[in-house]
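So the sequence lines, in the order shown, correspond to chains A and B.
Using UniProt numbering, read the first sequence as starting at 1 and increasing by one per residue.
Using UniProt numbering, read the second sequence as starting at 1 and increasing by one per residue.
No lab work stands behind these hints: they were computed from the structure.
Glycine is no exception: its CB is placed at the ideal position from the N, C-alpha and C atoms.
Do not take every clue at face value.
[To be verified] Within a straight-line C-alpha distance of at most 27 angstroms, the following computed BS3-like cross-link-like pairs (lysine-lysine) qualify:
#1 A:K96 - B:K127
#2 A:K96 - A:K279
#3 A:K242 - A:K184
#4 A:K242 - A:K182
#5 A:K297 - A:K279
#6 B:K65 - A:K182
[Unchecked claim] From the structure, some residues in chain B lie toward chain A, with a derived Cβ separation under 7 angstroms:
#7 A23
#8 A26
#9 Y29
#10 S64
#11 L81
#12 A84
#13 S134
#14 R137
#15 L139
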Amino acid sequence: MAELTEELSLVKAEEPAVAGTDGKAKAQPKPAAPSAAQPKTAATSPLDVPTGTPTVIVDDLHIIYRVYGAASDAEKGNAVNALTRILRRQGRPQMKEVHAVKGVSFVAYHGDAIGIVGRNGSGKSTLLRAIAGLLPPHAGAVYTDGQPSLLGVNAALMRELTGERNIVLGCYAMGMTPAEVKDKYQEIVDFSGIDEFVQLPMSTYSSGMGARLRFAISSAKTHDVLLIDEALATGDREFRKKSEQRIRKIREEAGTVFLVAHDLRVIEETCNRVIWLHKGKIKMDGDPKEVLAAYNKG
Amino acid sequence: MSQPESAVADAQAGGRGGQEPLAKLAARYGLRRAIARPRFPVYVRQLWERRHFILTYATSRNVSKYSSSALGQLWQVLTPLLNAAIYYVMFGLVLGGKGHIHNYSAFLLTGMFVFTYTQRSVTAGAKSISGNLSLIRALHFPRASLPLAYIIQELQQLAISMSVLLVIVLITHEPIALSWLLVPVVLVLQTLFNVGAGLVMARLGASMRDLNQLLPFITRTWLYASGVFFSIQERVVGTAHAPQWVADVMYYANPAASYIEAMRDILITSGGGHNPPDSVWISCVFWAVFALCFGFWYFWRAEERYGRG
Chain A
1 MAELTEELSL VKAEEPAVAG TDGKAKAQPK PAAPSAAQPK TAATSPLDVP
51 TGTPTVIVDD LHIIYRVYGA ASDAEKGNAV NALTRILRRQ GRPQMKEVHA
101 VKGVSFVAYH GDAIGIVGRN GSGKSTLLRA IAGLLPPHAG AVYTDGQPSL
151 LGVNAALMRE LTGERNIVLG CYAMGMTPAE VKDKYQEIVD FSGIDEFVQL
201 PMSTYSSGMG ARLRFAISSA KTHDVLLIDE ALATGDREFR KKSEQRIRKI
251 REEAGTVFLV AHDLRVIEET CNRVIWLHKG KIKMDGDPKE VLAAYNKG
Chain B
1 MSQPESAVAD AQAGGRGGQE PLAKLAARYG LRRAIARPRF PVYVRQLWER
51 RHFILTYATS RNVSKYSSSA LGQLWQVLTP LLNAAIYYVM FGLVLGGKGH
101 IHNYSAFLLT GMFVFTYTQR SVTAGAKSIS GNLSLIRALH FPRASLPLAY
151 IIQELQQLAI SMSVLLVIVL ITHEPIALSW LLVPVVLVLQ TLFNVGAGLV
201 MARLGASMRD LNQLLPFITR TWLYASGVFF SIQERVVGTA HAPQWVADVM
251 YYANPAASYI EAMRDILITS GGGHNPPDSV WISCVFWAVF ALCFGFWYFW
301 RAEERYGRG
């Protein structure tokens, strides 16, 4: 499991580089407020009311994470210290609470494709996980129609195992039945384009191949409400095109799509609404062109 | 910094002041809370639907565990064998724990392997949630799948160490007896207990990070109290002259001791052995049912809170 956590943190660490290489994505919004003329669209703005019913309602959501710092040598493994802390019901001294999402409210409607932008650490991924029902809210609530699912199966895969085993494991982790797994297996192999490498352990894959396989696995399932976190910035050009098509197809099948990406072009092309998160709060919510223009000026 | 606040204020005004509250809007369209704990029967059914994931996850963990070593899967057999050798040298030869125990090597190894199964299940259970936070934060599934998968992984390992044990028992001139048919029964009961204990530990381990540091001390104490190296009856009543009820409490109040005792009575029959007495069976069944029911209930109660770290 340690490797997986490491991999996740690696992905996080890559984020600034991704944003940096992209000319358009200057993820540097300063706290200084943009001009007052910016339209600050309210959560229940009639942006998509014609399209119908709400699918996701986020009501004054607060998420607080607990983060554990590295324990110092002095207290690690000291059973007496640990025991007294447990008895007194205290946390570790290095335990920190991070208030990642601070009172976010909005309503998403059927057919919406909502892009979420914001600099690193602004709470985008946390917000997605809360919508998916994977992180319990500290206060407030998320109401959804059907089961929102996060496009991301990485954490269930094991690097030491072959691609073949990982495909089966990943499909089961997403809740498929054996028949569905059998059905989708060849499709996943073909889509990922890893061919005979499927018989080798994933640890021998290049980072591009690994990313392709992960995307192929996680996009093999259809979803009501789909949450995509940085999935598009993987693989070479050809695969990127393929995956964008796949995303579009998923969007057509899904009721509502949330997309977090640092590549603002992707958001501009695929979304009909953009939410700008800043330090855990909604800074702007509305039409992609307006929000992205303000974000770039940021 | 006024901008974010005002945006939120606007959002709230849009949701609360201008129109109806968001919670009411959600209720009107029949939206449900994203995090809501399913009712217990529903939860058990969801868990059953995930059985393929649980099994595949357990097997995959087992395969990947030894994938970096040169001998690979052979370690699954070598580890219990080497353990057996060390315990025999330490407790049989050096410390002379034999006493008057008939067929001490079989006695010791039975106790050791049975206890190790429970000990490893408890330890694995404690790590199953806290060590898989990234998985819990990425995918939806009944969280009890994880402790269950860890215990199935231990069960798969146990299948190997049990065959090693049977070979050793045969080498030490124990006859193959009809009572050996009861071995799977004891293992099933012990597995049920381990599942329950693992679920309890999983919830405790998810909220108390220090538990993993403390567990080795707790399990070692448990090991010494379970009569793995010695006969509780002989030491407590015979050597220490304690009244009989002390030994009885040590046998029946300690699930590990009950399972060890049952397994020994079944496997070691050469020295005028006997089938496990009714009281041992009652204790084995009681602990299995009690731990399983309590464990599932206790784990399920916090289902929606796993993942906060």
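Q.
Hint compliance check: list the failing hint numbers for this structure, sorted ascending.
A. Failing hints, ascending: 11, 12.
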